[in-house]
Structure formats: structure tokens, C-alpha cells
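If you use numbering that gives the first Met the number 0, the sequence shown corresponds to residues 0 to 171, in order.
These aren't lab readings, by the way, just hints derived from the structure by calculation. These numbers were taken from a predicted model, which means no experiment stands behind them. Please note: incorrect hints may appear among the correct ones.
[To be verified] In silico lysine-lysine, DSS-like type, Cα no more than 27 Å apart, as pairs:
(1) LYS103 x LYS118
(2) LYS85 x LYS70
(3) LYS103 x LYS125
(4) LYS70 x LYS103
(5) LYS70 x LYS149
(6) LYS125 x LYS85
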Amino acid sequence: MTDTPTQNPTTNAQKNNNPNTMIRIGSVPDAEALCRLVEERLDAVEAVIREETDSLATARLEDAFALHARKTSNTNAYFSGLAALKQNAVALARFQPSALDRLKARQGALQATLEANLKMLQTLSKASEHLIRTLAHEVEAPRQLTVYDKTGVSGYGGAKPATAPIIISRKS
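Working from the sequences, and respecting the hints, build out all of it.
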């Protein structure tokens with residue numbers, strides 16, 4: 000993963016952590032190191048997604064929303080690692096690091112984690128939509144019984160009554 004053969008490992012490690020630096024693979028150990036780096040970044044993304052899903056599942060929305068910055072940072076680092084893999088596709092095919100197969104398997108696990116997170120978000124979206132619709136219906140519902148006059152026509156007996164205020168209880 001070097002630009003020139005004479006660079007030291009510290010410089011390479013710094014390059015790996017900088018998403019704007021082009022990484023070049025020059026050997027099997029370089030290919031293994033890049034795959035391990037991307038796998039570590041994948042692990043970080045998966046961990047924060049699982050944490051978010053767990054927070055959403057237990058209705059700790061504030062905790063889930065607080066993960067946004069960390070999730071964004073980890074995802075950006077992971078995508079930069081994937082870009083480095085794509086840039087080095089020819090070298091990876093030539094060196095065939097064993098870590099590449101492990102990375103491919105891990106990406107399948109990440110897909111399952113993302114699907115679970117998406118299902119949780121869809122469920123919460125449907126529940127919140129139902130709650131809002133129910134509240135809207137309750138606010139618009141008349142607060143008097145429907146009565147019938149002598150001709151059999153139903154009415155409210157006057158103007159539509161004012162609705163009662165909505166009271167929301169916040170659980171601390």
C-alpha cells in the first residue's frame with residue numbers, strides 16, 4: 000500500500016486513515032493489511048448500527064439519534080476503504096489475500112444488520128404515522144352525542160363544539 004517503495008510503515012498507516020489519500024498495494028502483506036483495515040471499519044459501522052437498532056427497539060429515541068455523528072463518521076471511513084479496494088482491484092486479484100474472502104463474508108453479515116435496522120425504522124415509522132392519524136381523528140371528533148330531531152335528521156344541536164386540549168405525558 001505504498002506510493003513509492005521507500006515509504007515507512009508509519010506513513011502507510013497514516014495514509015490508511017486518511018480517506019483522501021490513494022492507497023497502492025505492492026505486496027501480499029499490503030493487500031492483507033488493506034483488507035483488515037476495511038474489515039475493522041466494517042465492524043465499527045456494524046456496531047453502531049446494532050446499537051442504534053437496539054436503542055430504537057427499546058424506545059430510547061434520544062440515544063438512537065445521538066449516534067448519528069458516529070454512524071456518519073464510521074460509514075464515511077468504511078466507504079473510503081471500499082474505494083481503496085476498488086482502486087486496487089487488479090492488485091487484489093493478483094495477490095488474492097485470504098482476508099478478502101473473510102471481508103466478503105462480513106459484508107453479508109453487515110447486510111443482515113442493515114436489514115434489521117431498516118425493519119425497525121419502518122415499524123417505528125408506521126407506528127408514529129398511526130399515532131398521528133389517531134390523534135388527528137380524536138382532535139377532529141365531535142365532543143357531543145349525535146342527536147336526532149323530530150324529522151329524523153341527525154345534528155349536533157348547534158355549532159360544532161370546541162375540542163378539548165390535547166395533553167401529552169412525557170416520560171422522563
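Results for each hint:
{"no.": "1", "hint": "LYS103 x LYS118", "result": "holds, 23 Å"}
{"no.": "2", "hint": "LYS85 x LYS70", "result": "holds, 22 Å"}
{"no.": "3", "hint": "LYS103 x LYS125", "result": "violated, 33 Å"}
{"no.": "4", "hint": "LYS70 x LYS103", "result": "holds, 21 Å"}
{"no.": "5", "hint": "LYS70 x LYS149", "result": "violated, 66 Å"}
{"no.": "6", "hint": "LYS125 x LYS85", "result": "violated, 38 Å"}
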